[in-house]
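Peer 1: Assemble the whole structure, with the sequences as input and the hints as a guide.
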Amino acid sequence: MQIGTLRSVRATLVAAVIIVAATGASSTATLHTSLKKASPAVNDTVATSPDSLKLWFSETVELPLTKVVLNGGGSVRKLSAAAMGGSAADAPVVYAVMETLGAGKYTVDWTVAGKDGHAVKGSYSFVVKAAK
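Sequential numbering from 30 applies to the sequence shown in our numbering.
Be aware that a few hints might be false.
If you anchor each label on the Cβ, the simulated ranges turn out as follows [what the hints assert, rightly or not]:
1. Glu88 - Ala132: 20 to 28 Å
2. Ala132 - Ser109: 19 to 27 Å
3. Met113 - Lys150: 16 to 24 Å
4. Ala132 - Thr89: 32 to 40 Å
5. Leu92 - Lys66: 14 to 22 Å
6. Thr89 - Val156: 25 to 33 Å
7. Val156 - Trp85: 31 to 39 Å
8. Ser81 - Gly133: 16 to 24 Å
9. Leu94 - Ala159: 34 to 42 Å
Distance condition first, Cα-Cα at most 25 Å in a straight line; then the derived SDA-like pairs of lysine to any residue [to be verified]:
10. Lys158 - Glu88
11. Lys65 - Ser154
12. Lys144 - Asp73
13. Lys107 - Asp145
Honestly, the hints are just simulated from the structure, not real lab data.
Positions of the beta carbon are idealized from the N, C-alpha and C atoms, including for glycine.
Peer 2: Dropping the structure here:
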């Protein structure tokens, strides 16, 4: 082979590797579960203490691998065990809030896993204006 042909083949191979790597990286990132919406909503201010936390994810989650912690006022707040809010694939994971939350900022830390078993973590906050 001539030098020019070898360089052309090498450049084509390098470009192909870069394209495959970029496509593979973006596909992997979208395969894992993400939070679609929540109630109380992300960065929302609610008038009174919520009765429950509802989290909708981009795919059905494995309930035994799901954990939610509610922090606020310097302590971890008591929640019920996780339950699915229906049988539909897009049903939320629901936690009853077992105490009245006082006014202030609260952070929801969540860990879930989808069918692939890969744990994904995230968090969001909301504000309660006043207790019930």
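Peer 1: State for each hint whether it applies.
Peer 2: Evaluated hints:
no. : hint                        : in the structure
1   : Glu88 - Ala132: 20 to 28 Å  : violated, 35 Å
2   : Ala132 - Ser109: 19 to 27 Å : holds, 22 Å
3   : Met113 - Lys150: 16 to 24 Å : holds, 20 Å
4   : Ala132 - Thr89: 32 to 40 Å  : holds, 35 Å
5   : Leu92 - Lys66: 14 to 22 Å   : holds, 18 Å
6   : Thr89 - Val156: 25 to 33 Å  : holds, 30 Å
7   : Val156 - Trp85: 31 to 39 Å  : violated, 20 Å
8   : Ser81 - Gly133: 16 to 24 Å  : holds, 18 Å
9   : Leu94 - Ala159: 34 to 42 Å  : holds, 35 Å
10  : Lys158 - Glu88              : violated, 32 Å
11  : Lys65 - Ser154              : holds, 14 Å
12  : Lys144 - Asp73              : violated, 30 Å
13  : Lys107 - Asp145             : violated, 29 Å
Comparing the model with each earlier hint shows violations of hints 1, 7, 10, 12 and 13; every other hint is respected.
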